[in-house]
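Chemist: Following the hints, position chain B against chain A.
The listed protein sequences correspond, in order, to chains A and B.
Going by our numbering, the residue at position 167 of the first sequence is 167; the numbering climbs one at a time, nothing skipped.
Position in the second sequence (first residue = 1) + 1000 = our numbering.
FYI, nobody ran anything at the bench for these hints, they're computed from the structure.
Computed from a predicted model, the values in this text were never measured in an experiment.
Take the hints with a grain of salt, since some may be wrong.
[As the list claims (entries may be wrong)] Here are a few chain B residues that sit away from chain A, every Cβ distance over 12 Å (derived from the structure):
| hint | residue |
| --- | --- |
| 1 | ALA1055 |
| 2 | VAL1059 |
| 3 | THR1126 |
| 4 | SER1138 |
| 5 | HIS1143 |
| 6 | ASP1257 |
| 7 | GLY1281 |
| 8 | LEU1284 |
[What the hints assert, rightly or not] Below, a sample of chain B positions facing chain A; criterion: calculated Cβ distance under 10 Å:
| hint | residue |
| --- | --- |
| 9 | TYR1006 |
| 10 | ASP1036 |
| 11 | LEU1040 |
| 12 | ILE1042 |
| 13 | ASP1050 |
| 14 | PRO1081 |
| 15 | SER1099 |
The beta carbon of each residue, even a glycine, is placed where N, CA and C say it ideally should be.
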Amino acid sequence: MTALRLTVDGAERHLDVDTRTTLLDALRERLEVTSPKKGCDHGQCGSCTVLLDGRRSLSCLTLAVAQDGAEVVTAAGLGSPDALHPVQQAFLDHDGYQCGYCTPGQVCSAVGMLAEAAQGHPSHATDDLEADPELTDAEVRERMSGNLCRCGAYAGILAAVQQAAGAARAEERA
Amino acid sequence: MRELAYVRATSPDEAVAAVAGDPQARFLGGGTNLVDHLKLGIATPGTLVDVSRLALAEVEGTADGLRVGAGVRNSDLAAHPVVRRDFPVLARSLLAGASGQIRNQATTAGNLLQRTRCVYFQDASTPCNKREPGSGCSAVGGHDRYNAVLGASEACVTVHPSDLAVGLAVLDAEVVVLGPDGERRLPYDELHRLPGHHPEHDTTLAHGELVTAVELRRSPVARRSTYEKVRERASYAFALVSVAAGLELADDGTVSDVRVAWGGVAHKPWRARVVEDALRGEPLEEERVRDVVAEELRDATTTTGTAGKPAMLAGVTARALTRLAAPGPQVEEAGR
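So that you can see chain A by itself, here it is in the shape it has in the complex:
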């Protein structure tokens, strides 16, 4: 067992873990933080996505011991029922889910993706690698391709992410 310190959704947490424990299992099974979901557990579905030191990451593909000292933000830590994060509100506004199982991962992924785009990161869908990317629908689809939705709520997810992207741009201009 290895002693570990994590900041999870703003709270400092201490735990002892077996070295083989993934960050996802440490969060869900040891810390009872059940917002990130276990879908495939092989890095193919994105439902375990969290913000790890500020960047969207798959918590199923990293060992908890390797993240000692890290700051983890899950979808549950982004906002509260009374004060939803703009991305959470956008998913509600546009029905960006059906069963909801992939939603916490979708929300974290969208938040991380919007930050990447704001920093000028290109994607596979970007024509001009040297220009600041514009978040067209094709760009959003490509950048969110690591999050699968078995209910097929992609049309709502796309609309939600576009609403949140628009809100983020308006805030930038203000």
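Modeler: Chain B alone, transformed into the frame defined by chain A:
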């Protein structure tokens, strides 16, 4: 999953000593491939030596190019302004691979050293010479859609899964490797190997050798380069085939230099030297590209699942090169 010791290395030398001295030890970088293998039971190390916090995560300018630290994350490398301007094939190949989340976690060296996605390699209940030498190859006569068409052996018919590895193959890259006896450099083309009788070895690295950096030289073909990928869905899938290409045109419009490498074709990125040699000094014409691709593929072996690969390679190689040759923003940038 067997019991696992975890060590966080504080220097590259310490990491190399820890792994070189223990046949059961492995380096741990971003973990996106290795952690999955631990779960699948197809990697069973006794000790993981974590190199992810070593000071190997910088992209630095050199006199004639870039030095990319082994620990630079794929997303950071693809977003680097000099990579986007001077080595577009590098950015394009990185962005064609995996997902936004995985690119945030995966490292340069880890990407190059990732293992095959052959379904039999990843299924511990089936024979696989790469996973268990001498056990046989289930992919011969099995699920064959992702199999090699060039350079395969009776022992192994799989391909290298990395997009970045193919992109680097058209650049003048060198791999910097730290071993127990110090540092050595090898030309990028000598990093990966064809399977032969030893498919268990993906690369020419010895146990305990640590890739610390990849160095790139600027060149006109690097500046005018691109990457195209054919896959079964629009995003987040491994290549059926892929093409990395770089082009330099003379003032009269003929090809003064050209580089072509293919992914999804062989156990290592396949540098299409027959294609390159044939096109140099000629005007670039689509039909001619298709013809010389066919020459490169003269010894190709296809099966039902891979029967479409030669046509895909001809089409996508011709498209990549003709797009690079077309006047447009890329040309203006290349001349700037």
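Chemist: Now look at each hint and say whether the structure bears it out.
Modeler: Hints versus structure:
Residue-level check passed: ALA1055 (chain B) sits 17 Å from the nearest beta carbon of chain A, beyond 12 Å. Chain A leaves VAL1059 (chain B) outside its interface by the beta-carbon criterion, the shortest separation being 14 Å against a cut-off of 12 Å. For THR1126 (chain B), the non-interface assignment is confirmed: its Cβ lies about 17 Å from the closest Cβ of chain A, beyond the 12 Å cut-off. Every C-beta of chain A lies more than 12 Å from that of SER1138 (chain B), the closest at about 20 Å, which supports listing it as non-interface.
The beta carbon of HIS1143 (chain B) sits about 17 Å from the closest Cβ of chain A, which is more than 12 Å, so the claim that it is off the interface holds. Even its closest Cβ contact with chain A, about 21 Å, leaves ASP1257 (chain B) beyond 12 Å, as expected for a residue assigned away from the interface. The Cβ of GLY1281 (chain B) lies farther than 12 Å from every Cβ of chain A, with a closest approach of about 29 Å, so its non-interface assignment holds. Every C-beta of chain A lies more than 12 Å from that of LEU1284 (chain B), the closest at about 22 Å, which supports listing it as non-interface.
For the restraint placing TYR1006 (chain B) at the interface with chain A, the shortest Cβ-Cβ distance is roughly 4 Å, inside the 10 Å limit, so the hint holds. Given the 10 Å rule on beta carbons, the hint for ASP1036 (chain B) holds: about 5 Å separates it from the nearest Cβ of chain A. Because the beta carbon of LEU1040 (chain B) sits about 8 Å from the nearest beta carbon in chain A, less than 10 Å, this interface hint is met. Hint status for ILE1042 (chain B): violated, given a least beta-carbon distance of 12 Å to chain A, over 10 Å.
The closest approach between the C-beta of ASP1050 (chain B) and any C-beta of chain A is roughly 6 Å, which is under the 10 Å cut-off, so the hint is satisfied. The restraint placing PRO1081 (chain B) at the interface with chain A holds, with a minimum CB-CB distance near 8 Å, inside the 10 Å limit. Of the supplied interface hints, the one on SER1099 (chain B) holds, with its beta-carbon coming within about 3 Å of a beta-carbon of chain A, less than 10 Å.
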